[in-house]
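Visitor: Kindly generate the complete structure, drawing on both the sequences and the hints.
2 protein chains.
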Amino acid sequence: MTSVNYPLLEEFQAKTVQEFSKTLEMFGLTSGDARLFIILYIHPFPMTLDDMSKASGKSKTSMSTGIRSLLEQGLVERVWVKGKRKDFYQANKNLYLSFLSSFIEKWIQQADEQKDNLERLQAEMAASNYELVEEGSAEEADLLYEKAEEMKVFHACVTEAFTKILALKEDEVN
Amino acid sequence: MTSVNYPLLEEFQAKTVQEFSKTLEMFGLTSGDARLFIILYIHPFPMTLDDMSKASGKSKTSMSTGIRSLLEQGLVERVWVKGKRKDFYQANKNLYLSFLSSFIEKWIQQADEQKDNLERLQAEMAASNYELVEEGSAEEADLLYEKAEEMKVFHACVTEAFTKILALKEDEVN
DNA sequence: AATAACGTACAGTTTAAACTGTACACAACA
DNA sequence: TGTTGTGTACAGTTTAAACTGTACGTTATT
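Order-wise, the sequence lines are chains A and B. Positions 1 to 174 (full-length UniProt numbering) are the ones given, in order, by the first sequence. Positions 1 to 174 (full-length UniProt numbering) are the ones given, in order, by the second sequence.
Among the hints, erroneous ones may be present.
One copy or two, it doesn't matter: identical chains are merged, so the pair holds either way.
[Stated by the list, open to error] Below, a list of computed lysine-lysine pairs in the BS3-like style, where the Cα atoms sit at most 27 Å apart: (1) Lys169 <-> Lys54; (2) Lys58 <-> Lys22; (3) Lys22 <-> Lys164; (4) Lys164 <-> Lys93; (5) Lys147 <-> Lys60; (6) Lys115 <-> Lys86; (7) Lys60 <-> Lys152.
Since the hints were derived computationally from the structure, they do not count as laboratory data. All values derive from a computational prediction rather than experimental measurement.
Guide: Rendered as structure tokens:
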């Protein structure tokens, strides 16, 4: 364990966590998740919930929920250590690839989901055409319909650009 | 003005705002900013603070701070309407370009700023080398130093990928 | 010059997110 | 089978963000 007492080292570690977190927050991580990831990232070997709790000064419950969140985002992995009962976790080594793919994955999932919602909304509007005319808002409703169309194009553009980036980088690795 | 009373249209507008906002939040906008942007985006012509306040059901003060935030991010522009005293605002038409460049701009600025901070931190660590050895944490401090280096690489990678995307799309426009 | 209209600072409030501690379910070990 | 160790659900609390209303400075209009 790294635990004894290294005040100077710990000061530098704290500054590092503080600093790195800002970057990760740009990728949509909450401040808490970002901090937790960094703690794992700068630690030389896998940590348990208790280790993290101690290192972050937060409760073990926080670590549990935080780790789950990071796992779901594919930024952290569980590791088995023989002879130990506790779960160990470590941060993915390749920041670029894991953050980029995590981010892009989230985007695409969100875009897919929204595409359905938008089309459902458009269908609803089309179905209500008669009532909209009655109401005298048909013209503006058409504009709104068109906006949904624009939004779908937006999704397509972003998705295309993102997957292009990802493909580019995965090639580079090979 | 669009204001009279179009309950059905307004219902669709509300749903649209609700739905679109999610997408914008993926680009780091707060829920409030996202909603405000969408309100402007789906409105057929420029709006005043009072218009927005009415459309969103939020206070005028909220609109004022929200609009300022959107202006700073380059997502919205102020428009002059002759004969009117109030300020008018409209959303940038090209979602893709404005959000992408806003996002990337923010990223690059953040990365630049952090590069300085990291180098300052590294310098500090180098300067404290002797004390770190004394403390017995020199080895782990070296690892930490190395992490800062990795983070700088990460910044460089992301910045490169982002600017590439932006360039790609700006070409496409021409 | 006086009045009215407009946008924003600021202090206070509300709302939502993050965090904690206890209590419990489950698995490992004896 | 009982006992201890481990992760997580849940309710309650703390902390931070979003929002509001009043009050004020500024600019346009008369």
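Visitor: Next step is simple, just say for each hint if it's right about the structure.
Guide: So, going through the hints one by one against the coordinates:
Within a single copy, Lys169 and Lys54 get their C-alpha atoms no closer than 36 Å, and across copies no closer than 47 Å, so neither meets the 27 Å cut-off. Taking identical chains as interchangeable, the C-alpha atoms of Lys58 and Lys22 lie at most 27 Å apart only when both belong to the same chain, with a minimum of 19 Å there against 30 Å between chains. Within a single copy, Lys22 and Lys164 get their C-alpha atoms as close as 26 Å, and across copies as close as 23 Å, so both meet the 27 Å cut-off. With identical chains, the CA atoms of Lys164 and Lys93 are at most 27 Å apart both within one copy (22 Å) and between copies (24 Å).
With identical chains, the CA atoms of Lys147 and Lys60 are at most 27 Å apart between copies only, with a shortest distance of 26 Å across copies and 46 Å within one. In this homomeric assembly, Lys115 and Lys86 never come within 27 Å of each other (Cα to Cα): the closest approach is 42 Å inside a single copy and 37 Å across copies. In this assembly of identical chains, Lys60 and Lys152 lie within 27 Å of each other by CA distance neither inside one copy nor across copies; the values are 42 Å within and 31 Å between.
The structure fails hints 1, 6 and 7 (numbered hints given earlier, in ascending order).
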